[in-house]
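Asker: Each chain, letter by letter, is given below.
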Amino acid sequence: MTCEELRGCYELHALGVLNEPERSEVEEHLRRSCAACTEELRHARETNAMMFASVPDVAPPARLRRRIMASIGAEPSRGWLSWIPWAGLAGAAACTVLIYNNLQETREDQQRAVAQVAETDARLARMQDAVRMMTEPETRQVTFGNGPQGRVLVNAKRGVLLLATNLPAAPAGKTYELWIIPKGGAPRPAGLFQSDQNGNAMHMVAGPVDVASTGAVAVSLEPEAGSQAPTTTPIIVAPVAE
Amino acid sequence: MLLALLFAALAEDDRELAERLKRRDQNAMGDLYNRYGRLAYSLIYRIVKDNGIAEDLAQETFLRVWNRAAAFDSSKGALGAWVMTVARNRAIDYVRSVQGRMRDTVYELDASDNPVLFTTIDSDILNSERARRLKQAFLSLNENQRLVIELAYYEGLSQTEMAERIKQPLGTVKTWCRTALLKLREELGQAVAV
Chain P
1 MTCEELRGCY ELHALGVLNE PERSEVEEHL RRSCAACTEE LRHARETNAM MFASVPDVAP
61 PARLRRRIMA SIGAEPSRGW LSWIPWAGLA GAAACTVLIY NNLQETREDQ QRAVAQVAET
121 DARLARMQDA VRMMTEPETR QVTFGNGPQG RVLVNAKRGV LLLATNLPAA PAGKTYELWI
181 IPKGGAPRPA GLFQSDQNGN AMHMVAGPVD VASTGAVAVS LEPEAGSQAP TTTPIIVAPV
241 AE
Chain X
1001 MLLALLFAAL AEDDRELAER LKRRDQNAMG DLYNRYGRLA YSLIYRIVKD NGIAEDLAQE
1061 TFLRVWNRAA AFDSSKGALG AWVMTVARNR AIDYVRSVQG RMRDTVYELD ASDNPVLFTT
1121 IDSDILNSER ARRLKQAFLS LNENQRLVIE LAYYEGLSQT EMAERIKQPL GTVKTWCRTA
1181 LLKLREELGQ AVAV
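Chains as they are written, first to last, in the working numbering: chain P, 1 to 242; chain X, 1001 to 1194.
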C-alpha cells in the first residue's frame, strides 16, 4: 500500500487497534524508514494525546497521591510499625512514631503548598477566562435565584460559565455536576465542581457551544465521580433559550 | 477540557521535571502527580468507569512512568503526552483483559507507550488553543464518526471489533474512521502531504 492509502491508519496504529493488513503495511513502511510515515505517526501521537486530554474532569481521591508516593518508597506506609513484635521495643517504637509523624507532616505540608500553588494558578486562569467572557457583547447572560443565586454566561466561542453564591458545601462523597440541556434533548454532563467555604462557586466549560440549540443549564448534586445523567433534582436551573 | 488549558502554562517546566525524574528525585514524582494526576485519573476513569479500579491503574501508570523515565529524552520529549498514553494503555489493557478479548485482533500496547516514541512530539502539544480546535473538530464529526472514534480511543476496539459491535460492514467502519481522523487532523493543522 502507498503512504496515501495508509492515511487515516496512523492514529489507530498508535492506539494499538489497527487491523491487518494495514498494520503490517504501516510497520513495513517504518522498517524502510519511510519519512512520510514516520512524520504521520508523530502527528498521530500528538492527536491521540490531545484526545486523551479531552475527557470529562473527574477528581481522584486524595489518597491516590499518597499511594503513588509510597509505591516509589517516598512515603512509607505507617502500617509497618504494627509488625514490630517485641514488646520491649515499645518505647523506642513510640519515639519512632513521633519522629516519623513529624517528618510525615512536614512532607505533607510541602505537598499541600505545591498543590495550593497549582490550584491558585488554575483559579487565576479561570478568573481570566470569566472576565473575558463577561466583557464580550455577544455573551448571553441569565440569572437564577431561590436558594443558590447567580448567573450563567454562554458564549458561542468560549463556552459556558456558571457563577453561583449561597451554594452550600456538598455532603461527603458528593459533588456538584453541571448539565447543559439542549432544546428537546437529554442533559449532557459538563463537569464537576465544589463550592468554597463561603458558598461561592465558579465553573467553566471551555470550548465552542451552540447557543441557539442550548435550552438550559442546570446543576445537581451527584456522587463524587459524577454521573452520566442527573440522579437528583437539579438545585439550579437557568433557562438559556430566548 | 478545562484542565487541558493548564498545559499551556505547564509545558515549559516539563523538561526540568523530566530531568529530575531521570535522576530518580522522589519529589519530582510528587510534582508529576500534581501536574498530570488528575488528568490521567480522569482519562482512566472515562475508560474503566470504576473509581477503585481507576485508582489502582493510575498508581500503575505513575509507577510505570517512574520506572521508565530513564529512557525519556527530556530535551525534546512531551512528558504530558507520554503520561497520558501510558494511562490510556493501562486502562485499555485492563478492559481488554476483563472482557477476555486479548490479542486476536488487537496487539500488545507495551510498545506503543515506549518513551522513546515521545521524543519528537511538540512538548506544548496539549495547549489551550489546540484543545479548543480539537473540540471544535470533534463536534464537527457526524454521529457515526464520533462513535468509531470513541470506540477506538476509549474502548480500544479494532475496526473489526467495531464492525461486530455496531453491526456495520467493515468497509463502512473503515471509511468512518478514516474520514473522522483526517478531519481531526485537518482542523488541527496537521494535514501532511504524502
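Keep in mind the hints are simulated off the structure, nothing from the lab. Cβ coordinates follow ideal geometry from the N, Cα and C atoms, glycine included. One or more hints might be untrue.
What the hints assert, rightly or not - Label-pair ranges, simulated between beta-carbon atoms:
(1) Gly-1171(X) with Glu-27(P): 19 to 29 Å
(2) Thr-1179(X) with Ala-70(P): 38 to 48 Å
(3) Arg-140(P) with Thr-1179(X): 12 to 22 Å
(4) Gly-173(P) with Asp-1013(X): 30 to 40 Å
(5) Arg-1023(X) with Thr-2(P): 39 to 49 Å
(6) Ser-71(P) with Lys-1022(X): 16 to 26 Å
(7) Arg-188(P) with Arg-1023(X): 42 to 52 Å
(8) Ala-35(P) with Thr-1179(X): 24 to 34 Å
(9) Ile-1166(X) with Ile-72(P): 24 to 34 Å
(10) Lys-183(P) with Thr-1179(X): 44 to 54 Å
(11) Arg-132(P) with Ile-1166(X): 35 to 45 Å
(12) Lys-157(P) with Leu-1182(X): 20 to 30 Å
(13) Pro-182(P) with Thr-1179(X): 47 to 57 Å
(14) Lys-157(P) with Asn-1142(X): 20 to 30 Å
Asker: Of all the hints given earlier, name the ones this structure violates by number, lowest first.
Answerer: 3, 9, 10, 13
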